[in-house]
Amino acid sequence: MRSFRAFLLKEFYHIFRDRRTAAILFGMPLIQLLLFGFAIRNEIEEVKLGIYDQSHDVVTKEITDKLVSSGYFLVTQALHTQAEIERAFSVGTITEAIVFEPGFAARLQREGKADVQVITDGSNPNVSRIITGYTASVLREYRNDSAKMAAGGVVGVEAVPLMMFNPALKSVYLFVPGLMALILMLVSALMTSISITREKETGTMELLLVSSLRPVQIIVGKVVPYLLLSFVNVVTVVALASLVFGVPCRGSLLLLMLESLLFITTALSLGIFISSITSSQQVAMMISLAGLLLPTILLSGFIFPVASMPLPLRLISNLIPAKWYLIIVRGIMLKGTTFSYIWKESLILLMMTLTLIAASIKKFSVRLQ
Amino acid sequence: MSETVIHTEKLSKRFGDFVAVDALSFSVRGGEIFGFLGANGAGKTTAIRMLTGLLAPTSGSATVAGFDLYTSSEQIKRNIGYMSQRFSLYDDLTVRENIRFFAGIYGLSGKVIKEKTSSLLETLGLVEVADARLASLPLGWKQKLAFSVAILHEPKIVFLDEPTGGVDPVTRRRFWDMIYEASERGLTIFVTTHYMDEAEYCDRLCIMVNGRAAVLDTPEAMKRHYGAESMNEVFLHLARGKQAE
Amino acid sequence: MKEALLAEGVGKRFGAVNALQDITFAVGEGELFGIIGADGAGKTTLFRILTTLLLPDEGSAEVLGLDVERSWREIRRRIGYMPGRFSLYPDLSVEENLRFFATVFGTTVEKNYELIREIYSQLEPFKTRRAGKLSGGMKQKLALSCALVHRPALLFLDEPTTGVDAVSRSEFWQMLRRLKEQGITILVSTPYMDEAGLCDRIAFMQEGGVLAIDSPAGITALFGKQLFAIRHTQTWQLITALRSSPNASSVYAFGSAVHYTDKRSALRADELLADLQAKGFEGAEVRQIEPGIEDTFMALMEKRTEAAHE
Numbered sequence: 001m002r003s004f005r006a007f008l009l010k011e012f013y014h015i016f017r018d019r020r021t022a023a024i025l026f027g028m029p030l031i032q033l034l035l036f037g038f039a040i041r042n043e044i045e046e047v048k049l050g051i052y053d054q055s056h057d058v059v060t061k062e063i064t065d066k067l068v069s070s071g072y073f074l075v076t077q078a079l080h081t082q083a084e085i086e087r088a089f090s091v092g093t094i095t096e097a098i099v100f101e102p103g104f105a106a107r108l109q110r111e112g113k114a115d116v117q118v119i120t121d122g123s124n125p126n127v128s129r130i131i132t133g134y135t136a137s138v139l140r141e142y143r144n145d146s147a148k149m150a151a152g153g154v155v156g157v158e159a160v161p162l163m164m165f166n167p168a169l170k171s172v173y174l175f176v177p178g179l180m181a182l183i184l185m186l187v188s189a190l191m192t193s194i195s196i197t198r199e200k201e202t203g204t205m206e207l208l209l210v211s212s213l214r215p216v217q218i219i220v221g222k223v224v225p226y227l228l229l230s231f232v233n234v235v236t237v238v239a240l241a242s243l244v245f246g247v248p249c250r251g252s253l254l255l256l257m258l259e260s261l262l263f264i265t266t267a268l269s270l271g272i273f274i275s276s277i278t279s280s281q282q283v284a285m286m287i288s289l290a291g292l293l294l295p296t297i298l299l300s301g302f303i304f305p306v307a308s309m310p311l312p313l314r315l316i317s318n319l320i321p322a323k324w325y326l327i328i329v330r331g332i333m334l335k336g337t338t339f340s341y342i343w344k345e346s347l348i349l350l351m352m353t354l355t356l357i358a359a360s361i362k363k364f365s366v367r368l369q
Numbered sequence: 001m002s003e004t005v006i007h008t009e010k011l012s013k014r015f016g017d018f019v020a021v022d023a024l025s026f027s028v029r030g031g032e033i034f035g036f037l038g039a040n041g042a043g044k045t046t047a048i049r050m051l052t053g054l055l056a057p058t059s060g061s062a063t064v065a066g067f068d069l070y071t072s073s074e075q076i077k078r079n080i081g082y083m084s085q086r087f088s089l090y091d092d093l094t095v096r097e098n099i100r101f102f103a104g105i106y107g108l109s110g111k112v113i114k115e116k117t118s119s120l121l122e123t124l125g126l127v128e129v130a131d132a133r134l135a136s137l138p139l140g141w142k143q144k145l146a147f148s149v150a151i152l153h154e155p156k157i158v159f160l161d162e163p164t165g166g167v168d169p170v171t172r173r174r175f176w177d178m179i180y181e182a183s184e185r186g187l188t189i190f191v192t193t194h195y196m197d198e199a200e201y202c203d204r205l206c207i208m209v210n211g212r213a214a215v216l217d218t219p220e221a222m223k224r225h226y227g228a229e230s231m232n233e234v235f236l237h238l239a240r241g242k243q244a245e
Numbered sequence: 001m002k003e004a005l006l007a008e009g010v011g012k013r014f015g016a017v018n019a020l021q022d023i024t025f026a027v028g029e030g031e032l033f034g035i036i037g038a039d040g041a042g043k044t045t046l047f048r049i050l051t052t053l054l055l056p057d058e059g060s061a062e063v064l065g066l067d068v069e070r071s072w073r074e075i076r077r078r079i080g081y082m083p084g085r086f087s088l089y090p091d092l093s094v095e096e097n098l099r100f101f102a103t104v105f106g107t108t109v110e111k112n113y114e115l116i117r118e119i120y121s122q123l124e125p126f127k128t129r130r131a132g133k134l135s136g137g138m139k140q141k142l143a144l145s146c147a148l149v150h151r152p153a154l155l156f157l158d159e160p161t162t163g164v165d166a167v168s169r170s171e172f173w174q175m176l177r178r179l180k181e182q183g184i185t186i187l188v189s190t191p192y193m194d195e196a197g198l199c200d201r202i203a204f205m206q207e208g209g210v211l212a213i214d215s216p217a218g219i220t221a222l223f224g225k226q227l228f229a230i231r232h233t234q235t236w237q238l239i240t241a242l243r244s245s246p247n248a249s250s251v252y253a254f255g256s257a258v259h260y261t262d263k264r265s266a267l268r269a270d271e272l273l274a275d276l277q278a279k280g281f282e283g284a285e286v287r288q289i290e291p292g293i294e295d296t297f298m299a300l301m302e303k304r305t306e307a308a309h310e
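Chains as they are written, first to last, in the numbering used here: chain A, 1 to 369; chain B, 1 to 245; chain C, 1 to 310.
If you're looking for bench data, these hints aren't it; they were derived computationally from the structure. Just so we're clear, the structure is a prediction, and the values are computed from it rather than from any experiment. Even glycine gets a Cβ: it sits at the ideal position worked out from N, Cα and C. Among these hints, one or two may not hold up.
Said to hold, decoys possible - With a cut-off of at most 27 Å between alpha-carbon atoms, the simulated DSSO-like pairs for lysine-lysine come out as follows:
#1 C:Lys133 <-> A:Lys200
#2 B:Lys144 <-> C:Lys303
#3 C:Lys303 <-> B:Lys142
#4 B:Lys144 <-> B:Lys111
#5 C:Lys263 <-> C:Lys180
#6 A:Lys113 <-> A:Lys61
#7 C:Lys180 <-> C:Lys2
#8 A:Lys200 <-> C:Lys127
#9 B:Lys116 <-> B:Lys223
#10 B:Lys142 <-> B:Lys114
#11 A:Lys61 <-> A:Lys48
#12 B:Lys114 <-> B:Lys156
Stated by the list, open to error - Computed beta-carbon distance windows for the label pairs:
#13 C:Arg151 <-> A:Pro215: 37 to 43 Å
#14 C:Gln182 <-> A:Arg5: 26 to 32 Å
#15 B:Asp17 <-> C:Thr240: 46 to 52 Å
#16 A:Lys362 <-> B:Leu93: 33 to 39 Å
Work the whole structure out from these sequences, hints included.
Shown next, in the form of structure tokens:
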């Protein structure tokens, strides 16, 4: 036990004396949260709108007012010809153009429908899609209002979208769980795998093996410090998310922490497994980055929804621990889910952990290769 | 008396408060085998880095191969060769590829490279293994090749930084045979070593202690001066004496 | 004398490379035993097998009477090992490194301070300094202190003096002699021939095999030829001239002299001198000398190379 304590102490010395790593470990969660929270967002405000109104009637005027008052749009230019639209896009004075056909109000009166053309800049598809969505929802709203008035209370069936749990569609809600997964993966798997392979590289592993420390003590001694560090980071991220961005935790905080601990353990066992099959820091880092970090960002559903991936990637995503953790965290934080709804995901994580640990123990050698 | 190829005048290098090399002054003549000895941390490596243009001196002056250390470090690099025990050649390239690569980085033309490659393979007796990976060759052959490659661009001086560390005694002597031959052809050799018997093979020696040149003379004169049997005794006497101060 | 270490027919391959073949030797209790050989001779592989870090492919070995394959855990508790590279934690201080290794071996620095006092006392003024910032000689002393702190019965030192300057090397060997006096068996490897003479017995290793095992005096007795030391101011000219002679057997530079053996037997120094003077080497000096360890090693190496070529 005394030698195990000495080992732990040494690990903490390593972590705190390597200032760059310590800075990354503790600074990274903060910086990433702020980055994702403030800079990288999906909301778009003040869409620069050009209006080509060939009708100039009451209705087109009303719709334009409605768009402006929604707060998302800013009419920057009134357009007068088709050619002008193209020019305005290429110069960049507008990001969206709306074209009302001639005789708009009259046609609407006569046939019950009229055409509005929404033109966006397709070179940035994400922005395009989002602002088209905004425009459509404003138009739909206008139609509903006017239909109500016209029909004198007879309302047609209309789907009214409501974004549950995140009514304002704030992207930071989406990012916080993903960020937690990412940070835990990075700190736990990457740092453990590097710290074990470093001892192999410098030759100190030889000395540790020759000492009376047992392999279990070496492994646990490497795991415990990073488990603590990761846990500190989880608490930081959850606290910051709630204090700075107002992300709520609707479910049980205790459950969230327990599930996070489970995920940390999964990540740590991944790190140990990586270090048991590599012998240099470089290789360990490459495997961790290419094999863990990128899939965690790209395939877990953090940024791109899993459901919209092609089948092969969807299958692969099942192997990514972060995918399951994301489902769990989103459930607890945003939906207030209880354990009975996420036990399956938790069980998957547990199974992954056990498999990895078993594989590592099989691979960890009490001798050199 | 042949020309002077290295000349330093109170050459110094400081790292913060630490004086790594302290007012080093010496000259090396063309064709000389000049040994540079010293305990670990005596300033050998720093001095070599300055002389090879890798590190700017803090003060003092020096010319190497006739070029000023401060203003012409690029010309110096082109006129010297360098070989160390740690880095010499690429293990995953073949013998021929190694020669071609190093000839290439010194800017030799394609035709010259071809000629040099075949003549070098011939003289070193490596024709049969020209297309074998370097990793598969015995250490002695690698060393010969490393030395030949370091002087492929016909420099005036070659710096050898502990070229024989960890090598068996026979291979070590074969390597010195090459050094002698090159020196006979007029190449100036600047060599560091931990083997004191190798110190005796040098024409003149400079022993560094705590950043300063403690003595600079021929091995014979040093032994006479200290009444010592071997260079090992001289070295221990000097390095110990200074440590006690 | 009881044996502290026994290797019998130990062999190890790495893929196609035969790293060790048929290594057989024994080290007596309290002996200072040297393994002498160049880089790549197989010294480190042999040490790793004896410290139970590698399994031999062939043969068997016993350390302190325990089998290296079966009783590795017990062996590891009782030996001290200093690997070839500097293998301490550069970001921990001198004192932290020592305390760490003491605790990891289940002891304390205080308990065994007497054993390491002489070595460690030289480091104590710098005990708060990070190990990575020490000079080569100091690192080596710290590594030795760490390997000794649990009072091992058998100490394995893999090239402790490589890359270390002559002063630190000679100090290091004085320390080893004193450790031996305290009854610790020491197995040390080195590429430096001049260190071989400081061991009780030595084994020459070359290309994974043992060339000879004996005491330094016994080793030089294997030379079996007349050896001459020849001196002249023009050393290189002397070497080339001697080599071109049909009678020459071996010609090697040796410090300020040239060591020479001849194909003829019962040759006299003055005959040789006359030959040289006839060739224009006025003022040459010829003496018949006793062969040293390095002379013997080279002779054995050449014999092996010749045998391999035949």
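Each hint tested on the structure:
no.	hint	in the structure
1	C:Lys133 <-> A:Lys200	21 Å, holds
2	B:Lys144 <-> C:Lys303	22 Å, holds
3	C:Lys303 <-> B:Lys142	22 Å, holds
4	B:Lys144 <-> B:Lys111	23 Å, holds
5	C:Lys263 <-> C:Lys180	42 Å, violated
6	A:Lys113 <-> A:Lys61	16 Å, holds
7	C:Lys180 <-> C:Lys2	15 Å, holds
8	A:Lys200 <-> C:Lys127	25 Å, holds
9	B:Lys116 <-> B:Lys223	42 Å, violated
10	B:Lys142 <-> B:Lys114	20 Å, holds
11	A:Lys61 <-> A:Lys48	17 Å, holds
12	B:Lys114 <-> B:Lys156	22 Å, holds
13	C:Arg151 <-> A:Pro215: 37 to 43 Å	24 Å, violated
14	C:Gln182 <-> A:Arg5: 26 to 32 Å	30 Å, holds
15	B:Asp17 <-> C:Thr240: 46 to 52 Å	51 Å, holds
16	A:Lys362 <-> B:Leu93: 33 to 39 Å	37 Å, holds
In the structure shown, a violation is registered for the earlier hints numbered 5, 9 and 13, in ascending order.
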